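**Q** The residues making up each chain are set out below.
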Amino acid sequence: MSFRDDKIQEIKKSLLVSIWFMFLTFPIMVIRVNPIEKAVEWRWENMLVVGIGSFLLSFVWRYMLKKKEAGEKRAEIGESGNTFLIQKILEEPRFCIPLLITLTIIAVAFPFIFSMYQTNIMTTALMYVVLGLGLNIVVGLAGLLDLGYVAFYAVGAYCYALLNHHFGLGFWSVLPIGAVLGFIFGILLGFPVLRLRGDYLAIVTLGFGEIIRLVLENWNEFSFGPSGIANIDRPAFWDFQFSLQNATIYLYFLMIGLTLFTIFVVNRLQNSRIGRAWIALREDETACQAMGIDKTRTKLTAFALGATWAGMVGVIFAAKTTFINPASFTFLESAMILSIVVLGGMGSILGVIIGALILILLPEYLRVFSDYRMLLFGAIMVIMMVFRPQGIITNIRRRYKFNE
Amino acid sequence: MLRLRNVNSFYGNIQVLKNINVEISRGEIITLIGANGAGKTTTLMTISGIVPARSGEVLFMEKPIHNMRPDIIVSLGISQVPEGRRIFPYLTVSENLDMGAFLRTDSENIKKDMEYIFELFPILGQRRNQPGKTLSGGEQQMLAISRAIMARPKLLLLDEPSLGLAPLIVKQLFEIIKKINIENQTTIFLVEQNANLALKVAHRGYVMENGRITLSDSAENLFSNENVKKAYLGL
Amino acid sequence: MEYFFELILGGLTRGSIYALIALGYTMVYGIVELINFAHGEIYMIGAFTALIFTSVLTLLGFNEIAVIVLASLLAVIYSSAYGYTVEKIAYKPLRNAPRLSPLISAIGMSIFLQNYVLLAQTSDFLPFPNLIPEFEFIKPYRHIIGSPEIIILLTTSIAMVLLTFLIKFTRIGKAMRATAQDRNMAMLVGVNVNRVISITFIIGSALAALGGVLIASHVGQINFYIGFIAGIKAFTAAVLGGIGSIPGAVLGALVLGLTESFATGYVSSDYEDVFAFGLLVLILIFRPAGILGRAAAQKV
Amino acid sequence: MNTILEVKDLTMDFGGLRALDHLDLNVVEGEIAAIIGPNGAGKTTFFNCITGIYNPTEGEVLISPPGKKRKKINGLKPNRVTENGMARTFQNIRLFPDMTVLENVMIGRHCRTSSGIVGAILRGRSTNKEEKEIVDFSYNILKKTSLSHLVNELAKNLPYGAQRRLEIARAMATEPFLLLLDEPAAGMNPQETRELDELITRIRDEESISILMIEHDMKLVMSLSDRIFVMDYGRKIAQGSPYDIINNPVVIKAYLGEDIYA
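Chains as they are written, first to last, in the working numbering: chain A, 1 to 404; chain B, 1 to 235; chain C, 1 to 300; chain D, 1 to 262.
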C-alpha cells in the first residue's frame with residue numbers, strides 16, 4: 001500500500017468516526033426541548049462542531065494509540081523511552097537547586113504580590129495537593145481504590161464545625177482532633193471492607209461515602225441537615241483574631257506548611273519498611289502474605305493514614321469557607337481527588353502536586369474550562385488510563401544502597 | 001503446509017520466541033520438545049494468533065496469517081488443543097463439542113461428526129449432558145481433542161496432551177492421535193514435555209531451548225541424539 | 001393489609017426496573033469482569049433520548065401510540081449505540097491492563113457522560129410525559145394496580161424470558177457463555193471475542209434504555225443525575241443476586257426493590273438510599289458471591 | 001533426628017470435591033524431602049493447606065522448629081505461618097515484578113523487623129540501623145544465591161531461571177527452618193537445573209534449612225531427595241528413599257509409567 005493510499009484510508013476512517021459521532025450526539029446535542037412550553041430548540045451548529053471535532057480527534061486518538069504501542073515495544077526491547085523532561089531536570093542538581101529557590105521565593109511572595117482572591121485560589125489548590133497526596137497513600141502506594149475518600153474530608157469538616165458551634169473550640173485544638181477522628185473513621189470503615197477484592201472495595205467505599213453524606217443530609221438534629229453550619233471561626237493565632245485579609249494570608253501559609261509537612265511524611269513513608277510493604281501488597285497480595293506481611297494490618301495502616309490527611313484538610317476547609325453543608329461532600333469530590341492522583345501519576349509525589357495544580361488552577365484561570373470542569377475530569381480519567389496509566393510523572397523510587 | 005519464518009514473540013515484557021523457523025508438511029506429525037517455559041506454548045499461541053508475532057512471518061498454505069484474528073485463523077483450518085485442556089467448565093459435553101464446530105454451518109455433518117466422536121470415545125457419549133468440569137482429567141483431555149476435531153481442521157495443534165494423565169490413558173490418547181492423523185489426513189503439530197512418547201509417534205521433531213530452536217531432525221535421529229537423550233529422555 | 005400489598009407491588013415494580021438495569025451490569029461483568037460504572041449513564045441517556053423524541057414527535061403531529069413506540073425504539077437504539085461506543089473508547093484499549101485501570105476509566109466515562117448531558121441539555125429536572133396508556137380493563141382495580149405497574153412488570157418478564165432464550169439457545173448466546181468462561185479458549189474455537197463483547201454491551205444498554213423509559217414515565221421527571229443512583233442500585237441488585245448470574249440479577253433486583261419499599265414504608269423515607277447503600281455494603285462484606293453466585297476459588 | 005513438620009490426617013474438601021484425603025506426612029530436621037505425583041493429585045493444595053492459604057477441613061499441621069516448642073499451625077494466616085518459620089515459593093512465579101531484586105528480598109525481611117509508622121516518619125537511629133541491617137542482610141542472601149550482580153534490576157526483567165532463584169532468595173530472607181519449594185525447576189533449562197541442584201544442597205548444608213519440595217523433574221528429585229512422598233488423588237500412595245520409590249509397583253503404575261526409563 002502506498003503512502004497516499006494510507007492517507008486516504010486514514011481520512012476515510014476519521015470520516016466514518018465523524019459521521020458516527022454526529023449520529024450519536026444528535027438528540028442530546030442538537031435538540032433541546034422545553035417540555036413545559038412544548039417548545040423545541042434546534043441547534044444544528046452543534047452537529048457541525050461535533051463532526052469537525054471528532055474528525056480531528058480521531059486522528060489524534062489513533063496516532064496516540066499507535067505511539068503507545070510503539071512505546072510498549074520499545075520498553076519490551078529494553079530502552080526506557082518515556083523519561084519526562086521534568087524528571088531529567090530534577091535529577092540534575094545544577095537545575096534542581098535554583099529551581100527550588102525560585103519556587104520558595106514565589107511561594108513566600110505570592111500573597112503579597114497577588115490579590116486576596118488569587119491567594120484564596122492558591123490555598124484551595126494547596127488543599128487539593130494535600131488531599132491528593134493523602135489519597136495517593138491509599139491508591140498510589142497501597143493500590144486500594146478508595147472512592148469514598150471525601151467521607152473522611154467531611155468527617156474533619158463537620159468535626160470542626162460542630163465543635164466550634166457547640167463548644168466554641170478553636171481551629172488549632174480541633175486540627176489534631178480532626179486528624180485523629182479521620183484516622184479512627186479510616187480504621188472503622190476500613191476494617192470490614194479491606195479484605196474485599198479491588199473493584200468491590202472501590203464500590204463499597206463509594207457506598208460508605210454516600211451513606212455518610214446522606215446521614216449528614218437527613219440527620220437534622222446532629223448536622224443541621226442540608227442547610228449546613230454557618231459562621232465557623234477562621235483560624236486564630238493564639239488568641240489573636242485576624243482581619244479577613246490577614247486571615248487569608250495566614251491560611252495560605254498554613255497550607256504551605258501543611259503541604260511541606262505532607263510531602264515530607266509521604267516521602268519518608270514511601271521509603272520505609274511500611275512503604276515497601278504497601279507497594280509489594282499492590283503488586284501481589286498472596287506472595288506478600290507468604291512473605292510474612294500482615295495483609296489486613298498493612299492495608300489498614302494505609303487506609304487510615306490517608307483518612308487522617310483528609311480529616312485534617314477537612315478541618316481547614318471548614319475554617320476557610322466558614323460555612324459547610326453536605327453538598328460539598330458528594331461523590332464528585334472524591335472523583336475529582338482521584339483524577340488528580342490519576343493525572344499526576346499514582347504513587348508519585350511530584351506528579352500528584354502537578355496534577356492538583358493543573359486540575360484546580362486551570363479551570364479557575366481559563367473561563368472556557370470552568371464550565372467544562374467536570375467534563376474535563378471525566379475525560380482525563382479515561383484518556384490517562386488508555387494512553388498513560390502511569391500518569392504524567394512516572395513514579396521513581398529510591399534505589400537502595402548496600403555496603404559490601 | 002505451515003511455515004514459521006524468523007518469528008519473534010513477546011509475552012508482556014519478555015521475549016519468548018527468538019527467530020523461530022518451523023516447517024510442517026501436509027500429513028505429518030511434527031513434535032516440538034523442550035523444557036517447561038522454553039516457549040513451546042507461545043509458539044502454538046503465535047500460530048493461533050492469540051499472542052501475535054511481533055516480527056517474522058507465519059504462512060499457512062502459503063498465505064500469511066500472522067496478522068489475522070484468531071477466529072479467522074480457526075476458520076482457515078487450524079485448531080488447537082491448548083495446555084491444561086481448557087474445557088468450558090459450565091457447558092455440557094455436547095455444548096463443548098458444539099463450540100468446537102462454532103464456525104461450521106453444515107448442521108447435518110456436525111451431527112454426524114458428533115456421533116463419530118461418541119464412537120471414538122464412548123465415555124463422552126455417556127456424559128454428553130454433564131457439565132465439562134465434572135469430567136475427570138483423562139475425559140477432559142478426550143473432550144478437548146474432540147472439540148478441536150469438531151472444527152474439521154487441516155492442522156491440529158496439540159499442547160501437552162499427556163500432562164498429568166495416568167500412563168494408561170496417555171497410551172490410549174497417543175493411539176487416537178495417530179488414528180486421527182491417518183484416518184482424517186489431519187496434519188498434527190504436537191508439543192510435548194514427555195519427549196519419549198512424542199518422538200515415538202512423530203515423524204520429525206524440533207527441540208526448543210530458551211525460545212530458540214536448537215535442533216531439528218527426524219524423530220529416529222533425535223531419539224538417538226546424545227544431547228537429547230541426556231536432556232529430555234532422562235537416559 | 002392493603003398498605004402491605006401496596007408496598008409489595010411498589011417493591012416489585014421498583015425491583016423490575018432495577019432488574020432491567022442490573023441485567024446489563026451482570027452481563028458485562030460476566031463477560032469482561034468489569035464493573036461498568038457508566039452503565040447508569042446509559043440508562044439516563046436512554047431516558048433523555050426518549051423525552052427528546054417524545055416532544056419532537058408530538059410536535060410533528062404523530063399520534064400517541066406511534067410516539068410511544070417510536071420514542072422507546074429510538075431510546076433503545078441510541079442507548080445501544082452509546083454503550084457500544086463507550087466500550088470501544090474506554091474499555092477495549094484496556095483489555096489486558098491491570099484490573100483497576102478499566103474501573104477508573106469507567107468512572108471517568110460516567111462523569112463525562114453526566115456532564116455531557118448536563119451541558120448539552122440542562123441541570124433542571126424535566127417533566128417526563130406518562131407514556132404508558134391507561135387500560136380500560138384495569139380501571140375497576142385501579143386502587144390495587146395501575147397500568148404502569150402492569151406494563152413494567154410485563155416488560156421485565158418478557159425481556160427476562162427473551163434474554164434467557166438468547167443466552168441458552170442461540171449461537172451468539174453460546175459464544176457469550178464460552179467467552180465468559182474462558183476468553184482465550186473461545187478465541188481458539190473461532191469466536192470473534194471482540195464482537196461478542198460489543199454485542200453484550202449493546203444488549204445490556206438496550207435493556208437499560210428500556211428501564212430508563214419505563215421509570216421516567218412512571219416517576220414523571222428526569223435529570224442528568226438519575227443514572228448515578230440508579231446505576232449503584234442496579235449494581236447492588238446484581239451483586240446481591242450474584243454478579244455474573246442472569247437470574248441472580250433479577251432476583252437481587254426484586255429483593256432490593258422490596259427492601260426499599262418496606263424500609264421507606266415502615267421506617268422512614270428520608271433514608272431511602274441509605275438502605276440501598278447499606279444493603280450493598282453488607283452483602284459485599286458478608287456474602288460477596290451473592291445469593292446465586294459461584295464463589296471464585298483463590299488460585300495460587 | 002527431630003521431626004520438624006508433622007502433618008496428621010490432613011483433609012481438604014472443596015464443595016463436594018475431596019482434594020486431600022487423610023494425608024500423613026512428616027519432615028525431619030536437615031533433610032530434603034520431595035513430593036511427586038501427577039497433576040491434580042493435590043500437591044499444591046497440600047502446600048496451600050500447610051501454609052495457611054487454605055484452612056484444612058480436617059487434620060492437624062504441627063511444627064517443631066529447632067530449639068522451640070511444638071506448635072499447631074493450621075488455621076493460622078499465611079503471614080503467621082511464615083513468622084513461625086515456614087517459607088514457600090510458588091508454582092507460577094510470584095515475585096513483585098516492578099520492584100528491584102534487592103527490594104524483593106527486603107520484603108522477606110518484613111516479618112523479622114519492626115519499625116512502624118512513627119519510626120518511618122521520624123527515622124531515628126534505631127530505624128536507620130534496622131534499615132541498614134535489612135539491606136545488608138538481603139544483599140548477603142543475594143550473594144549466597146548468586147544473584148548479587150542483578151541487585152538493582154527489576155524483577156520482571158530477570159531471566160526465567162534467575163526469577164526462580166530470586167523467589168528462593170526472598171523466602172530465605174524470612175529466616176525459615178523449613179523451605180517449601182513448589183516446582184522449583186519448572187521451566188529451567190538443564191544448565192539452570194544443575195545450578196538449582198547445587199543451590200538447594202547448599203541451602204540445606206550451609207544454612208541448615210530443611211527442604212520440602214514439589215517437583216516433576218525426576219532426575220532432580222532422584223539426585224537431591226533423602227525421602228520421597230508420592231501422591232495421587234489427594235492420597236499418599238507411597239513414601240521412601242528414591243530407590244524404594246523407583247521400584248515401587250504402585251508408583252510405577254500411577255505416576256512413572258513402565259517406560260519412564262525405557
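Hints were generated in silico from the structure; no laboratory data involved. It should be emphasised that the depicted structure is a prediction, and the values quoted were computed from it without experimental measurement. Keep in mind that the hints are not guaranteed to be accurate.
[Said to hold, decoys possible] Keeping only pairs whose Cα atoms sit at most 20 Å apart, straight-line, the calculated DMTMM-like set for lysine to aspartate or glutamate is: (1) C:K168 to B:E23; (2) D:K129 to D:D98; (3) D:K144 to D:D205; (4) B:K133 to C:D182; (5) B:K133 to D:D13; (6) B:K229 to D:E192; (7) C:K174 to B:E23.
**Q** For every hint, state whether the structure bears it out.
**A** A quick look at each hint next to the structure:
For the proposed pair K168 (chain C) and E23 (chain B), the alpha carbon gap of about 42 Å is over 20 Å, so the pair is violated. Of the supplied pair hints, the one linking K129 (chain D) and D98 (chain D) is violated, its CA atoms being roughly 26 Å apart against a limit of 20 Å. Under the criterion of a C-alpha separation no larger than 20 Å, the hint pairing K144 (chain D) with D205 (chain D) is consistent with the structure, at around 13 Å. For the suggested pair K133 (chain B) and D182 (chain C), the alpha carbons sit about 13 Å apart, so the restraint of at most 20 Å is met.
For the given pair, K133 (chain B) sits about 16 Å from D13 (chain D) by alpha-carbon distance, which is consistent with the 20 Å threshold. Between K229 (chain B) and E192 (chain D) the CA atoms are separated by roughly 17 Å; this keeps the pair inside 20 Å, and the hint holds. Between K174 (chain C) and E23 (chain B) the alpha-carbon distance is near 35 Å, which puts this suggested pair outside the 20 Å criterion.
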